[in-house]
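> The numbers in full-length UniProt numbering rise by one with no breaks, and the one at position 18 of the sequence shown is 18.
The set of hints was computed from the structure by calculation and includes no laboratory data. Where is the CB? At the ideal position from N, CA and C, for every residue including glycine. Please note: incorrect hints may appear among the correct ones.
[Stated by the list, open to error] Here are the computed distance ranges between Cβ atoms for each label pair:
#1 L48 - V5: 28 to 38 Å
#2 E31 - S11: 25 to 35 Å
#3 S11 - V38: 42 to 52 Å
#4 F73 - R49: 26 to 36 Å
#5 N24 - T55: 13 to 23 Å
#6 E50 - Y25: 28 to 38 Å
#7 V6 - K41: 42 to 52 Å
#8 P42 - S17: 29 to 39 Å
#9 A69 - T33: 22 to 32 Å
#10 D51 - V21: 26 to 36 Å
#11 E35 - V75: 29 to 39 Å
#12 F15 - K39: 28 to 38 Å
#13 V38 - E8: 48 to 58 Å
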Amino acid sequence: CKAEVVDEDSSYSVFVSYIEVYNNYIYDLLEETQEDTVKPKPPQSKVLREDQNRTMYVAGCMEVEVKSAEEAFQVF
Numbered sequence: 001c002k003a004e005v006v007d008e009d010s011s012y013s014v015f016v017s018y019i020e021v022y023n024n025y026i027y028d029l030l031e032e033t034q035e036d037t038v039k040p041k042p043p044q045s046k047v048l049r050e051d052q053n054r055t056m057y058v059a060g061c062m063e064v065e066v067k068s069a070e071e072a073f074q075v076f
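Assemble the whole structure, with the sequences as input and the hints as a guide.
What follows is the structure in structure tokens.
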């Protein structure tokens, strides 16, 4: 999606999250994990929630601010 007209008086921020849905579990792919080689723990599943506007979101998912599409790809 490309904006044809940009409002110069406004400020914009873009945030990205990377999640994986596997076997009805939701994993945050940006979440820092503890590297315990003796007794590794599986990643914690996140919870899908609905806000007051009936918009679905993943609770507790890490969000990273990016300035470009290239930076969004580098985050992951």
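> Confirm or reject each hint.
Okay, the hints, checked on the actual structure:
1. The given range of 28 to 38 Å is respected by L48 and V5, whose C-beta atoms sit roughly 35 Å from each other.
2. Here the CB-CB span from E31 to S11 is close to 28 Å, well matched to the stated 25 to 35 Å.
3. In this structure, S11 and V38 meet the distance hint of 42 to 52 Å, their C-beta atoms being roughly 47 Å apart.
4. For F73 and R49, the hinted distance range of 26 to 36 Å is satisfied, since their beta carbons lie about 27 Å from each other.
5. For N24 paired with T55, a C-beta distance near 21 Å keeps the hint of 13 to 23 Å intact.
6. At about 18 Å, the CB distance of E50 to Y25 disagrees with the hint of 28 to 38 Å.
7. For the hinted restraint 42 to 52 Å between V6 and K41, the CB-CB distance of approximately 45 Å keeps it satisfied.
8. Look at P42 against S17: about 20 Å separates their beta carbons, and that is not inside 29 to 39 Å.
9. Between A69 and T33 the beta carbons are some 26 Å apart, a value that agrees with the proposed interval 22 to 32 Å.
10. Evaluation of the 26 to 36 Å hint for D51 and V21 yields a failure: the beta carbon distance comes to about 19 Å.
11. Distance hint for E35 and V75: a CB-CB separation of about 20 Å, inconsistent with the stated range 29 to 39 Å.
12. Take F15 and K39: their Cβ atoms lie about 34 Å apart, and the range 28 to 38 Å holds.
13. Against the hinted window of 48 to 58 Å, the Cβ-Cβ separation of V38 and E8 comes to about 56 Å, which satisfies the hint.
Violated hints, in rising order: 6, 8, 10 and 11; the structure is consistent with all others.
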